[in-house]
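Asks: Go ahead and model the full structure; you've got the sequences and the hints to work with.
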Amino acid sequence: QVQLVQSGAEVKKPGASVKVSCKASGYTFTGYYLHWVRQAPGQGLDWMGWIDPKSGGTSYAQNFQGRVTMTRDTSITTAYLELSRLRSDDTALYYCARELVGAPGTFEVWGQGTMVTVSS
Amino acid sequence: QSALTQPASVSGSPGQSITISCTGTSSDVGVDKFVSWYQQYPGKAPKLMIYDVSNRPSGVSNRFSVSKSGNTASLTISGLQAEDEADYYCSSYTSTTRVFGTGTKVTVL
Numbered sequence: 342q343v344q345l346v347q348s349g350a351e352v353k354k355p356g357a358s359v360k361v362s363c364k365a366s367g368y369t370f371t372g373y374y375l376h377w378v379r380q381a382p383g384q385g386l387d388w389m390g391w392i393d394p395k396s397g398g399t400s401y402a403q404n405f406q407g408r409v410t411m412t413r414d415t416s417i418t419t420a421y422l423e424l425s426r427l428r429s430d431d432t433a434l435y436y437c438a439r440e441l442v443g444a445p446g447t448f449e450v451w452g453q454g455t456m457v458t459v460s461s
Numbered sequence: 121q122s123a124l125t126q127p128a129s130v131s132g133s134p135g136q137s138i139t140i141s142c143t144g145t146s147s148d149v150g151v152d153k154f155v156s157w158y159q160q161y162p163g164k165a166p167k168l169m170i171y172d173v174s175n176r177p178s179g180v181s182n183r184f185s186v187s188k189s190g191n192t193a194s195l196t197i198s199g200l201q202a203e204d205e206a207d208y209y210c211s212s213y214t215s216t217t218r219v220f221g222t223g224t225k226v227t228v229l
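Line order of the protein sequences matches chains B and F.
In the working numbering, each number is its position in the first sequence, counted from 1, plus 341.
In the working numbering, each number is its position in the second sequence, counted from 1, plus 120.
The hints are simulated quantities; they were obtained by calculation from the structure and are not laboratory data.
Be aware that a few hints might be false.
Claimed, not checked - Capping the alpha-carbon separation at 30 Å, the derived lysine-lysine pairs in DSBU-like fashion look like this:
1) B/364 - F/164
2) F/164 - B/395
3) B/354 - B/364
To be verified - Computed Cβ-Cβ distance ranges for the label pairs, DEER-style:
4) F/214 - B/357: 39 to 45 Å
5) B/384 - F/214: 20 to 26 Å
6) F/137 - B/460: 22 to 28 Å
7) B/461 - F/132: 33 to 39 Å
As the list claims (entries may be wrong) - Here are a few chain B residues that face chain F, going by a calculated C-beta distance under 10 Å:
8) 356
9) 367
10) 368
11) 371
12) 372
13) 378
14) 384
15) 442
16) 458
Glycine is no exception: its CB is placed at the ideal position from the N, C-alpha and C atoms.
Replies: Here you go:
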């Protein structure tokens, strides 16, 4: 079945970087855009950006420009989110999500989420 | 890109109908039919409930329906049930970005 499985929880110090992975299975990895969405504790969903696994092209939300990098490794059908210069307000649950082809903004499959805690 | 505006909370009794609004701009919600809605239980990933104005993924109840007028989309839950108590988010898009609503907590009285 179609699945997105993310890496485990991370604890980082302010100023450090974190890299979260999202392993896709059950479908053609290069056929669907993958997005990253985060949710701070008790808060709403915050879209971070997308990657086209076929070309490697990306688009990032303005709020994260300069700190976020999305990459992929097609040989192992895995996408990555790297966030640098971490701050305490980056503490959140980070999700990857597959977008339905031809329906922008429609996220039909979600990973289980990766908790990133930023604390000194 | 600012978040789409949703009411913070909506409540209703079992069997009633409730409506959640999602207001954006002419650059996102107002563009076309692509507004999606998600249900999220505490500690769980969001679940796609309805998209493209009227499409529901397999297994989603037809008690969920949507409408759109101008820059505002609305989700209606008919025949409210206890299991509908959750957070709900809308989402839309521009040419290169995506945006979510602020979220609405639905309480079943």
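Asks: State for each hint whether it applies.
Replies: Going through the hints against the structure:
no., hint, result
1, B/364 - F/164, "18 Å, holds"
2, F/164 - B/395, "29 Å, holds"
3, B/354 - B/364, "25 Å, holds"
4, F/214 - B/357: 39 to 45 Å, "32 Å, violated"
5, B/384 - F/214: 20 to 26 Å, "22 Å, holds"
6, F/137 - B/460: 22 to 28 Å, "44 Å, violated"
7, B/461 - F/132: 33 to 39 Å, "44 Å, violated"
8, 356, "27 Å, violated"
9, 367, "15 Å, violated"
10, 368, "15 Å, violated"
11, 371, "20 Å, violated"
12, 372, "18 Å, violated"
13, 378, "8 Å, holds"
14, 384, "8 Å, holds"
15, 442, "12 Å, violated"
16, 458, "16 Å, violated"
Checked against the numbered hints listed earlier, the structure breaks hints 4, 6, 7, 8, 9, 10, 11, 12, 15 and 16; every other hint is satisfied.
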